[in-house]
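So the sequences go chain by chain: B and Y. Okay, so the first sequence: first residue is 1 according to the numbering used here, each after it adds one. Okay, so the second sequence: first residue is 1 according to the numbering used here, each after it adds one.
None of these hints come from the bench; they were simulated from the model. Predicted model, so just to flag it, every value in this text is computed and none were measured. It is possible that part of the hints are untrue.
Below are the EDC-like pairs computed for lysine to aspartate or glutamate, each with C-alpha atoms no more than 20 Å apart in a straight line [as the list claims (entries may be wrong)]:
#1 B:Lys27 with B:Glu7
#2 B:Lys11 with B:Asp244
#3 Y:Lys122 with B:Glu174
#4 B:Lys249 with Y:Asp125
#5 B:Lys249 with Y:Glu119
#6 B:Lys214 with B:Asp182
#7 B:Lys58 with Y:Glu80
#8 Y:Lys122 with B:Asp128
#9 B:Lys11 with B:Asp182
#10 Y:Lys136 with B:Glu267
#11 B:Lys162 with Y:Asp109
#12 Y:Lys122 with B:Asp244
#13 B:Lys58 with Y:Asp125
#14 B:Lys249 with Y:Asp116
#15 B:Lys173 with B:Glu267
#16 Y:Lys136 with B:Asp255
#17 Y:Lys95 with B:Glu160
#18 Y:Lys136 with B:Asp245
#19 B:Lys211 with B:Asp255
#20 B:Lys162 with B:Glu174
#21 Y:Lys136 with B:Asp266
#22 Y:Lys95 with B:Glu102
#23 B:Lys11 with B:Glu156
#24 Y:Lys122 with B:Asp255
#25 Y:Lys122 with B:Glu156
#26 B:Lys162 with Y:Glu119
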Amino acid sequence: MNPSSLELKRKVQRLQSLPTLPGIVQKISQLVDNPNVSTAKIGEEISKDQVLSAKVLKLVNSSFYGLSGRISSINQALVLLGFNVVKGLVLSTSVFEKLTREMIGFYEHSLGCAIAAGIIAKEIGHPDKDEIWIAGLLHDIGKVIMWVNLPDDFAEIVDEAKRTRQFITDVEKEHLSITHTDVADWLATKWHLPISVREPMIYHHSPSRAKTAKVQTAIVHLANILVNAYGFGQSGDDLVPPLDDQSAKLLGLTDRLLDEIILRLDEELSVTNTEDYLG
Amino acid sequence: MPNDFSPAPLGKNCPAPPGFSDFNQAIRRIYFSTMQAIPLDLAKPGMTLARDVANAIGIVLVPAGATLTDAHLERLAKMEVASIIVSESVDIPGKVRLTPEQRLERLTDRFSRVNDRPEMAKIHDAFRRLFDGSLKRSIEIAVTTPSELSPSPELTEENHEPLKP
Chain B
1 MNPSSLELKR KVQRLQSLPT LPGIVQKISQ LVDNPNVSTA KIGEEISKDQ VLSAKVLKLV
61 NSSFYGLSGR ISSINQALVL LGFNVVKGLV LSTSVFEKLT REMIGFYEHS LGCAIAAGII
121 AKEIGHPDKD EIWIAGLLHD IGKVIMWVNL PDDFAEIVDE AKRTRQFITD VEKEHLSITH
181 TDVADWLATK WHLPISVREP MIYHHSPSRA KTAKVQTAIV HLANILVNAY GFGQSGDDLV
241 PPLDDQSAKL LGLTDRLLDE IILRLDEELS VTNTEDYLG
Chain Y
1 MPNDFSPAPL GKNCPAPPGF SDFNQAIRRI YFSTMQAIPL DLAKPGMTLA RDVANAIGIV
61 LVPAGATLTD AHLERLAKME VASIIVSESV DIPGKVRLTP EQRLERLTDR FSRVNDRPEM
121 AKIHDAFRRL FDGSLKRSIE IAVTTPSELS PSPELTEENH EPLKP
């Protein structure tokens, strides 16, 4: 490994201790850790940050297809979607907020993956579609963290992947020894996201490593492939990653089911206007 | 793998949209109308809303299916709605629409590293059929003539047994 790679590796490892999350998010994390704090109290705390709440509600209501319905307040979101989903929404809203205009493709990719994951979950009748949706939204959060904090270095990684026609994960492994899914793992752990959200996030490139949330992980794995194949947004990868055979079996992915999922996905993505979500 | 087309092609978990009690009608609306998100300032009276316009907390301002009037557009502008989804196809200045050929070309490029895997070749093929329009047409046949339709070999061959998760 050349010296610049070593330096970069150190920089990425330092991200682990970065206070990347805004105050409100840290406050909510503390509340969550306290078993004596009620859900209503947490809702009240999130609602105090009106900008954040408005963004969370806007996100939920602009793409409620994969979710449980329209939501008019943070408390209703807590009741209908559950605490883990709201936590994920707050996390993603705070992290994605830091994206600049030229990185919007990343956001589109994440949102597309969330929508695809919600569609697959619905089509196969999985009961936890809201959590799967949020895991889809968060699956590439590690890339966002790296890009926002080390824009030049990460741009080089993306560049090299494009130039050499490799997958980003492989270039990351080569230069950093860790990948965006490791960064996602730090975040998921810090945020005490449940295993049902954490595993799909961190194993979306290696679904066979999931121990508990195998089906959810297979769903996000497939969702990521489909949204890359569709060409919606920019994951940084120009290439569609391969589908894991076990995941296809686990989902019962017949040709007919695949057709249905893809038609549904087209229907949703062709009317998805990401400008609506970030604003 | 069912060979008949009930439950309809959208899968058993998909309810008909509100106001569309007839399932076939719902599918028709979803699959055969064009839908496009456009900035509000490109909306014109007479256009048809393809999706509800709702505010940030989910309250419907104008329902899907409505024919837009000047009064609607004024109200939506007042509510600071940035974009709406209409059934018409509208050219958006500054946005280049890929031709179907360009879309297919890019698709082929994206799959170039994984085409040797049979599962990926299938996914590639499904997207190819989506982009050239034949995937939608195959559903159209299913909706209009379910009893006459024999299972398409394309849809049934090489299926693996679905395993329950």
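Hints, verified against the model:
1. B:Lys27 with B:Glu7: violated (33 Å)
2. B:Lys11 with B:Asp244: Status violated; Cα separation ~32 Å.
3. Y:Lys122 with B:Glu174: Cα-Cα ~31 Å, so violated.
4. B:Lys249 with Y:Asp125: Holds, because 19 Å separates the two Cα atoms, which is no more than 20 Å.
5. B:Lys249 with Y:Glu119: holds (11 Å)
6. B:Lys214 with B:Asp182: holds (18 Å)
7. B:Lys58 with Y:Glu80: holds (13 Å)
8. Y:Lys122 with B:Asp128: violated (27 Å)
9. B:Lys11 with B:Asp182: With Cα atoms ~14 Å apart, B:Lys11 and B:Asp182 stay inside 20 Å; holds.
10. Y:Lys136 with B:Glu267: holds (11 Å)
11. B:Lys162 with Y:Asp109: Holds, because 12 Å separates the two Cα atoms, which is no more than 20 Å.
12. Y:Lys122 with B:Asp244: Between Y:Lys122 and B:Asp244 the Cα gap is close to 13 Å, so the pair holds against 20 Å.
13. B:Lys58 with Y:Asp125: violated (35 Å)
14. B:Lys249 with Y:Asp116: It holds: about 19 Å lies between the C-alpha atoms, which stays within 20 Å.
15. B:Lys173 with B:Glu267: violated (36 Å)
16. Y:Lys136 with B:Asp255: holds (15 Å)
17. Y:Lys95 with B:Glu160: violated (28 Å)
18. Y:Lys136 with B:Asp245: violated (27 Å)
19. B:Lys211 with B:Asp255: violated (27 Å)
20. B:Lys162 with B:Glu174: holds (15 Å)
21. Y:Lys136 with B:Asp266: Roughly 10 Å separates the two Cα atoms, so the pair holds.
22. Y:Lys95 with B:Glu102: The given pair, whose Cα atoms are some 16 Å apart, holds under the 20 Å limit.
23. B:Lys11 with B:Glu156: Given that 20 Å is the threshold and the Cα spacing comes to 14 Å, the pair holds.
24. Y:Lys122 with B:Asp255: Satisfied, since the Cα-Cα distance of roughly 8 Å is no more than 20 Å.
25. Y:Lys122 with B:Glu156: Violated - the C-alpha atoms of B:Glu156 and Y:Lys122 are around 33 Å apart, more than 20 Å.
26. B:Lys162 with Y:Glu119: Not satisfied, since the Cα-Cα distance of roughly 24 Å exceeds 20 Å.
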